[in-house]
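Please model the complete structure; the sequences and the hints are all you need to start from.
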Amino acid sequence: MKDLVEFIVKALVDHPEEVKVSEVEGEQSVIYEIRVAQEDMGKIIGKQGRIARALRTIVKAAGVKRGKKTAVEILE
Amino acid sequence: MPRSVEVSGKSLEEALERAARYFDVLPESLSYEVISEGRGFLSAFTPRVVKVRVWIEEAPRERIPGEEKSPGKEATEEAYPSPASLLRAEEELGKFFKELMDKMQMEVDFQVQEKDGFLSLFVEGKDAGMLIGKRGETLEALETLLRIVMSKKGFSNVGLQLDISGYRERREEALRRLAEKSAKKVIKEKRRLKLEPMNARERRIIHTSLKDYPEVTTYSVGEGTGRRVVVDLKKEKSSNRSGGNKRPVGK
Numbered sequence: 001m002k003d004l005v006e007f008i009v010k011a012l013v014d015h016p017e018e019v020k021v022s023e024v025e026g027e028q029s030v031i032y033e034i035r036v037a038q039e040d041m042g043k044i045i046g047k048q049g050r051i052a053r054a055l056r057t058i059v060k061a062a063g064v065k066r067g068k069k070t071a072v073e074i075l076e
Numbered sequence: 001m002p003r004s005v006e007v008s009g010k011s012l013e014e015a016l017e018r019a020a021r022y023f024d025v026l027p028e029s030l031s032y033e034v035i036s037e038g039r040g041f042l043s044a045f046t047p048r049v050v051k052v053r054v055w056i057e058e059a060p061r062e063r064i065p066g067e068e069k070s071p072g073k074e075a076t077e078e079a080y081p082s083p084a085s086l087l088r089a090e091e092e093l094g095k096f097f098k099e100l101m102d103k104m105q106m107e108v109d110f111q112v113q114e115k116d117g118f119l120s121l122f123v124e125g126k127d128a129g130m131l132i133g134k135r136g137e138t139l140e141a142l143e144t145l146l147r148i149v150m151s152k153k154g155f156s157n158v159g160l161q162l163d164i165s166g167y168r169e170r171r172e173e174a175l176r177r178l179a180e181k182s183a184k185k186v187i188k189e190k191r192r193l194k195l196e197p198m199n200a201r202e203r204r205i206i207h208t209s210l211k212d213y214p215e216v217t218t219y220s221v222g223e224g225t226g227r228r229v230v231v232d233l234k235k236e237k238s239s240n241r242s243g244g245n246k247r248p249v250g251k
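First to last, the protein sequences are chains A and B.
So the first sequence is residues 1 to 76, counted in the numbering used here.
So the second sequence is residues 1 to 251, counted in the numbering used here.
Any given hint might turn out to be false.
[Unchecked claim] Within a straight-line C-alpha distance of at most 25 Å, the following computed BS3-like cross-link-like pairs (lysine-lysine) qualify:
hint, chain 1, residue 1, chain 2, residue 2
1, B, K98, A, K68
2, A, K60, B, K98
3, B, K115, B, K95
4, A, K10, B, K103
5, B, K103, A, K69
6, B, K152, A, K20
7, B, K188, A, K10
8, A, K47, B, K153
9, B, K152, A, K47
10, B, K211, B, K188
11, A, K2, B, K98
12, A, K10, B, K153
13, A, K65, B, K153
14, B, K152, A, K60
15, A, K20, B, K188
16, A, K60, B, K134
17, A, K60, B, K95
18, A, K47, B, K134
19, A, K10, A, K47
20, B, K103, A, K68
21, A, K65, B, K211
22, A, K2, B, K95
Just so you know, these hints were derived from the structure itself, not from any lab.
What follows is the structure in structure tokens.
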């Protein structure tokens, strides 16, 4: 599922080469930590967090399919 | 394609406020052009009327203050997409969506249809329900993502809508029924009714289905994802009108 997160984030930013996603997997849950170029932060957060919320919702749905709870964190 | 409406008022502000209420958004998020600023023949006696065309700027441009324009973006975009660019948009959308579905491991079929410069993406199949999500939240999220990605690829002038297993139509039908039922209840019990939180599109369906209902009026309260429609009895004409239709509701 890490490739899904990467795919979406890279489609949103101006500097896809600077996108880094790490995955911390537990038994029932998995956490994704996203890092992007500083000037791309707004691109993945959006006004009032609208884009970040959409990203979390989509990743959550993919998690449901695999029986995993997901968390997406955007790191500075 | 932006939905637009013509409104008039005694001043530009009044017209815009009216439109904002119609679209159920803040006046700041509206775009407008002044159609006429007539002052009638007998200017001293007839009120000034400003007529404007108003629409909502679809917001694929997620700009945060201080952020500069993205470099790769095509500098000049036509207002209406050319047939060639529509064809490319159709391809790009299909390609992106296919890869997205593969990576989500969703088993669905989809097709992209183009009509009047507008792309509709129809999705069906085994995992369709999962893609709709609770009250359509995943469907909305996917549409948001597709809009932003398409706009980033240079197709911000191409309208886009996503539908999964006819959800949109079913939901709209259900909301119209809810509106009707709520109006009847408000009239019968003579007290206002606060509906569940809904997104702007859904609230608009409630507002428009009750706008010609003689005894009730509708408005929205709350902020962000908690914003909800209130169905209320229409006040008698003689009552104080200065409060507009946004009377405070027990804060």
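Quick rundown of the hints versus the structure:
1. K98(B) to K68(A): Within the cut-off at roughly 22 Å; holds.
2. K60(A) to K98(B): Status holds; Cα separation ~18 Å.
3. K115(B) to K95(B): holds (19 Å)
4. K10(A) to K103(B): Since the Cα atoms of K10(A) and K103(B) sit roughly 14 Å apart, the hinted pair holds (cutoff 25 Å).
5. K103(B) to K69(A): Distance ~17 Å between K103(B) and K69(A) Cα, so the pair holds.
6. K152(B) to K20(A): The given pair, whose Cα atoms are some 20 Å apart, holds under the 25 Å limit.
7. K188(B) to K10(A): violated (54 Å)
8. K47(A) to K153(B): holds (20 Å)
9. K152(B) to K47(A): holds (16 Å)
10. K211(B) to K188(B): holds (18 Å)
11. K2(A) to K98(B): Distance ~17 Å between K2(A) and K98(B) Cα, so the pair holds.
12. K10(A) to K153(B): With a Cα-Cα distance of about 12 Å, the restraint between K10(A) and K153(B) holds, given a limit of 25 Å.
13. K65(A) to K153(B): Distance ~29 Å between K65(A) and K153(B) Cα, so the pair is violated.
14. K152(B) to K60(A): holds (24 Å)
15. K20(A) to K188(B): violated (58 Å)
16. K60(A) to K134(B): Holds. K60(A) to K134(B) sits at ~11 Å (cutoff 25 Å).
17. K60(A) to K95(B): holds (22 Å)
18. K47(A) to K134(B): Holds, at about 23 Å.
19. K10(A) to K47(A): Measuring from Cα to Cα gives roughly 19 Å; hence the hint holds.
20. K103(B) to K68(A): holds (15 Å)
21. K65(A) to K211(B): Distance ~41 Å between K65(A) and K211(B) Cα, so the pair is violated.
22. K2(A) to K95(B): holds (20 Å)
When each numbered hint is compared with the structure, violations occur for hints 7, 13, 15 and 21.
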